[in-house]
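Build the full structure now, drawing on both the sequences and the hints.
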Amino acid sequence: MLDADFFRRWMTATAASVDREAERLTALDSPIGDADHGSNLQRGFTAVTATLEKEAPDTPGAVLTLAGRVLISTVGGASGPLYGTLLRRTGKALGDAAEVSEERFAAALREGVDAVMALGGAAPGDKTMIDSLVPALDALGDGFAAARAAAEEGAVATTPLQARKGRASYLGERSIGHQDPGATSASLLVAGLVEAAGE
Amino acid sequence: MSDAELVGIVLVSHSAEVAASVAELAKGLVGGGNAPPIAPAGGTEGGGLGTSAELIAAAAASVDRGAGVAVLADLGSAVLTVKALLAEGDELPDGTRLVDAPFVEGAVAAVVTAATGADLPAVEAAAAEAYTYRKV
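Residue numbers (the UniProt record's numbering), protein chains in the order written: chain U, 1 to 199; chain Z, 1 to 136.
Where hints are given, some of them may not hold.
[Stated by the list, open to error] One-sided excerpt, in silico: chain U residues whose CB lies under 7 Å from chain Z:
no.: 1; residue: Ile72
no.: 2; residue: Gly77
no.: 3; residue: Ala145
no.: 4; residue: Ala146
Source of the hints: derived by calculation from the structure; they are not laboratory data.
All residues carry an ideal CB built from backbone N, CA and C; glycine is no exception.
Now the structure itself:
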């Protein structure tokens with residue numbers, strides 16, 4: 001079973017990896033975006049860990065809805081409302097249970113990913129975070145490590161795709177050949193689950 | 001018709017200057033009428049380019065007179081942030097809507113229409129209709 005501490009560790013682990021990879025995320029965002037993805041997410045997840053520490057939410061759902069709210073408020077770029085919606089919707093789907101099963105979490109995360117697709121209008125293959133999150137969801141039944149591998153594979157697989165959403169879509173064919181920064185950061189989020197589980 | 005019944009307008013841009021200038025432009029085109037409450041929500045709280053959920057929520061609260069609030073946004077994260085706030089349900093005043101319209105032309109249409117005392121659906125329709133004004 002996954003408790004509030006697990007979800008706190010998930011956020012802390014993600015914040016640490018975003019911190020570590022911020023320069024790489026921004027470098028990926030330079031040729032096809034506006035070169036702020038790493039610094040935006042770093043600001044957002046730093047605020048998430050600080051707020052979680054201060055407000056100490058005590059259920060899985062409360063941890064994720066608070067984290068999502070902080071991301072929407074602090075990121076300042078499109079990844080704020082997108083990741084914010086992902087976590088908030090997942091958190092709301094978890095309700096106020098003190099502990100949730102991995103199956104219940106997987107179902108909630110799917111609701112979160114669906115909400116992100118509805119918000120941004122992206123589908124698999126559009127060269128976005130969805131290309132990492134959907135394969136991760138599909139692999140989640142086989143455990144967090146399988147989800148991480150699927151997310152990382154999905155992020156790498158965005159390289160030959162042409163962007164169809166966001167600023168990168170203005171580049172048309174010139175977006176081909178670059179790994180998507182959003183899919184890459186999404187794979188860091190999924191990888192955080194493995195760390196949180198101590199696997 | 002009193003100001004208390006006018007629809008409020010919020011202009012969300014990645015740039016503080018763009019949001020403020022478009023607000024001024026639209027207000028200037030109201031003419032002799034009673035301008036509706038307009039608030040720009042541009043850039044990040046730190047003054048950089050981007051979108052601030054806090055500035056949007058504050059702007060919407062400041063123009064809410066009970067007749068609804070029409071929000072116009074420019075690009076990407078501005079649009080997504082407004083949509084995410086609306087989806088939360090409690091972040092923006094009741095009767096707040098994101099209007100699907102071109103930013104400058106839509107803002108002018110929305111403000112001029114709101115100044116007449118038109119209701120929110122009419123303001124929204126006027127702003128959306130701005131998409132149909134071809135220039136060539």
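Verification of the hints:
Using the Cβ-Cβ criterion of 7 Å, the hint placing isoleucine 72 of chain U at the interface with chain Z is satisfied: the shortest such distance is roughly 5 Å. For glycine 77 of chain U, the interface hint holds, the least distance from its beta-carbon to any beta-carbon of chain Z being 5 Å, beneath 7 Å. Nearest Cβ of chain Z to the Cβ of alanine 145 of chain U: about 31 Å, over the 7 Å cut. The hint is violated. Interface restraint check for alanine 146 of chain U: the shortest CB-CB distance to chain Z comes to about 30 Å, outside 7 Å, so the restraint is violated.
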